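Here are the chains, one letter per residue:
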Amino acid sequence: MDITEYIRLVFSDYTLRTITLGTAVLGAVTGMLGSFAVLRKQSLLGDAISHAALPGIAIAFLITGTKDGNVLLLGALVSGLIGTFWIRSIVKKTHLKSDTALGLILSLFFGLGMLLLTFIQKQPNANQAGLDKYLFGQAATLIESDVWMMTWVTGICLVVLLLFWKEFKILLFDADYTKTLGFNTKFIDILITTFIVVAIVLGLQTVGVVLMSAMLLAPAAGARQWTNSLGYMVIIASFFGALSGVVGTAISASQNNLSTGPVIVIIAGIFVLISFVFSPSRGLLFKQIRFIKNRRDLQLHKTLSFMYNIAKTHEDIAHPHAIKILNNFQGYTRGTLQKLVKKNYVNLDGSLWSLTEEGYKTASNLYNQQTKNDE
Amino acid sequence: MSNAQLEIQIIASLVAIACAIPGTFLVLRKMAMISDAISHSILPGIVIGFFITQDLNSPLLILLAAITGIITVILVEYIQKTGLVKEDTAIGLVFPILFSIGVILIAKHANDVHLDVDAVLLGELAFAPFDRLIINGVDIGPKSLWIIGGILLTTLGLLFAFFKELKVSTFDMGLAASLGFSPAVIHYGLMTVSSVTTVGAFDAVGAILVVALMIAPAATAYLLTNNLKRMLVYAICFGVFSAISGYWLAHGLDASIAGSITTMLGFLFLIVYLFAPNRGVIAVLYREKQQRTEVSLLTFLLHLKNHDEKAERHVNHLNEHINWQKVRSKTVLDLALKNNMIAIDNHIVSLTDKGNDFTTQAIDYIITNEDAQIEHMKDDFFLFRG
Chain A
1 MDITEYIRLV FSDYTLRTIT LGTAVLGAVT GMLGSFAVLR KQSLLGDAIS HAALPGIAIA
61 FLITGTKDGN VLLLGALVSG LIGTFWIRSI VKKTHLKSDT ALGLILSLFF GLGMLLLTFI
121 QKQPNANQAG LDKYLFGQAA TLIESDVWMM TWVTGICLVV LLLFWKEFKI LLFDADYTKT
181 LGFNTKFIDI LITTFIVVAI VLGLQTVGVV LMSAMLLAPA AGARQWTNSL GYMVIIASFF
241 GALSGVVGTA ISASQNNLST GPVIVIIAGI FVLISFVFSP SRGLLFKQIR FIKNRRDLQL
301 HKTLSFMYNI AKTHEDIAHP HAIKILNNFQ GYTRGTLQKL VKKNYVNLDG SLWSLTEEGY
361 KTASNLYNQQ TKNDE
Chain B
1 MSNAQLEIQI IASLVAIACA IPGTFLVLRK MAMISDAISH SILPGIVIGF FITQDLNSPL
61 LILLAAITGI ITVILVEYIQ KTGLVKEDTA IGLVFPILFS IGVILIAKHA NDVHLDVDAV
121 LLGELAFAPF DRLIINGVDI GPKSLWIIGG ILLTTLGLLF AFFKELKVST FDMGLAASLG
181 FSPAVIHYGL MTVSSVTTVG AFDAVGAILV VALMIAPAAT AYLLTNNLKR MLVYAICFGV
241 FSAISGYWLA HGLDASIAGS ITTMLGFLFL IVYLFAPNRG VIAVLYREKQ QRTEVSLLTF
301 LLHLKNHDEK AERHVNHLNE HINWQKVRSK TVLDLALKNN MIAIDNHIVS LTDKGNDFTT
361 QAIDYIITNE DAQIEHMKDD FFLFRG
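Just so you know, the protein sequences line up as chains A and B, in that order. Take 1 as the starting number for the first sequence in this note's numbering and just add one per residue. Take 1 as the starting number for the second sequence in this note's numbering and just add one per residue.
Treat the hints as calculated values from the structure; they're not laboratory data. As the structure is a prediction and not an experimental result, all values here were calculated from the model. The beta carbon of each residue, even a glycine, is placed where N, CA and C say it ideally should be. Treat the hints with care, as some may be off.
Said to hold, decoys possible - Among chain A residues calculated to face chain B with C-beta under 10 angstroms, some are:
no. : residue
1   : Q42
2   : L116
3   : E315
4   : I317
5   : H321
Said to hold, decoys possible - Chain B regions said to be covered by chain A (calculated; three or more residues, Cβ under 8 angstroms):
no. : region
6   : 28 to 39
7   : 73 to 87
8   : 95 to 104
9   : 256 to 264
10  : 366 to 377
Work out the full structure: start from the sequences and follow the hints.
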């Protein structure tokens, strides 16, 4: 199946269109809210919340007996919120550290969820099948109303985000200052945490509890590498998230036996890898290039200052010297000499070199920072 | 109780002990989430190992999966070292991606064989007694009993051999390094033990619930004691208790054994979290209230010492000028009276000699910035605490 055919299929085929739209919207909203989770150093909170939502789904089913997605998600939301606030109170009230609290709530809630799920499966009620799709997610079960709900929630999140943009931003970077300005930090904090929980719960049906945290983190971690501005980061993260949703759906749809969730996560992971390596200001590649360039400059400076120290001992600075005497000097190469000639710091005459006026001046001011560094 | 039931309980208890030991050190080293990461990311290792050996209990598979666990740790540390993202983000990125690779490998290649994600993640202890280890035609017990027993013996051996090194490096990494214990060796040793334990336990309790067995007993024990040896013993006891009681809960509800064990762990933690002496939530709240009252009392006594005027020392003055609520002023007054700090004569409050001594000493400590000493002083002066 080639790409044009696939694109036509996306527009004509109901199921494929729904799934593509759903994963795209989900990617966008998780990327948007994930930026805040990453910057608040709450990356693993997503993992804990998604696991903590499982018992909520089971209990909602036990109480209502329906498999209506919205009811189950409401249960997930409640139990996710309980998990989140329990984590906070453990960290606040006891000496257990946040990682222990996260791991504790994650595994205990998940265990309870498993207990309830297996308990439900043994019930005579025939309606129970399919609850385990929340474990690993099944994008194929998305229907149009799910997508509409995701879009609505995304819209609400966006509006609130824009309304409270200033408050969110200032709380993110300087919580104490926010407090002194008189903002209700507790309220803003709870608002943003609740939104993160909402985003996670939305994704449970599509990617499942186990992989949901990556959907939250990966787009934001990738976006962080490209910008230092919160606004751009949120936009780039949403874009990355939506794109991984679309591409992941396309790949899993074109192959047999590929569930959508893991593919989306791997695509998002590839975006992160690309961002880590190729981002111009923070990326590993350009960092290495800068590193090499700096080392070259340093060698150039060293050679120049070595020449300067030789030239200084003569009355005439343009007095020629043999290239041979440079040979023992570490950092000297034919290349650096050529470069110095090109910069007009050194004159070459056969096997002899001499400093020019300009080179002498630069060299004498090399380490006292009197000249502007032109490297 | 049938033979199989007994075997299941023994296996569950051994898993609990084998998990509690590395778990204690992970909790103390603030690396609890690493165990979560390892438990997810061993999946590709298990899958590849399974393709090679075709046997979920083969030692080679355990080795391969444990290596994947260590690779996870190294990857997380590498990403963290680049400074591009924080440690928690690094953990959160690495394990879902490795886990996804595992899921996809299973979906693509292992559809017809006995290996699915549920089995790896959730495990099924109930089937453990059916997979027997038979040597020379003699049945010597379930395979997983021998595997987890072997892992437990190794862990115990390492624990006794390197207890001192582990202890020092956990609480004071700098001291350990200066004494000549390589922190890297101990760190990766612990990571290896955690990975091997996770892999060994996965087909009994499932990879995710290993995390519960590692963290929950240790965290519960940590709320009860500060002593490392006691913490280890408590953690092991909690683990074994939940393993056995969890089995019977599952038996009663006809539900997942691993889920029930975790739920029992959750109950234990909740009870200790609420009721632990000194560190439980109720104890903390009570202490906070007590200290609030005592600080108010001190403020009140200082006020009395500073003022000789009758108007300033009238009982109603507390409500009117210091702006205390009625109940609060009454609590403070009662406490002061009970401790013989003040005498009330015709609604005029005055310091007794004892109250005077107490206040003078307290002022001394406050002026010299040794506020912490006031706590000790309270033990000497107070007959009743707030």
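These are the hints, each one checked on the structure:
1. For A:Q42, the suggested interface contact is upheld, since its CB lies about 8 angstroms from the closest CB of chain B, less than 10 angstroms.
2. Checking A:L116 against chain B by beta carbon gives a least distance of about 8 angstroms; that is within 10 angstroms, so the hint holds.
3. A least Cβ separation of about 51 angstroms between A:E315 and chain B goes past the 10 angstroms threshold, and the interface hint is therefore violated.
4. Given the 10 angstroms rule on beta carbons, the hint for A:I317 is violated: about 45 angstroms separates it from the nearest Cβ of chain B.
5. Proximity of A:H321 to chain B is violated relative to the hint, the smallest CB-CB distance being about 44 angstroms (cut-off 10 angstroms).
6. Interface restraint, the region 28 to 39 of chain B with chain A: holds (6 residues with C-beta to C-beta distance below 8 angstroms; minimum three).
7. With 5 residues having a beta carbon nearer than 8 angstroms to a beta carbon of chain A, the region 73 to 87 of chain B meets the requirement of three or more and the stated coverage holds.
8. Figure legend: the region 95 to 104 of chain B, annotated as covered by chain A; annotation consistent (7 residues with Cβ-Cβ distances under 8 angstroms, at least 3 required).
9. Counting residues of the region 256 to 264 of chain B whose beta-carbon sits less than 8 angstroms from any beta-carbon of chain A gives 7, enough to reach three: the coverage restraint holds.
10. Counting residues of the region 366 to 377 of chain B whose beta-carbon sits less than 8 angstroms from any beta-carbon of chain A gives 0, not enough to reach three: the coverage restraint is violated.
When held up to the earlier numbered hints, the structure conflicts with 3, 4, 5, 10 and fits the remainder.
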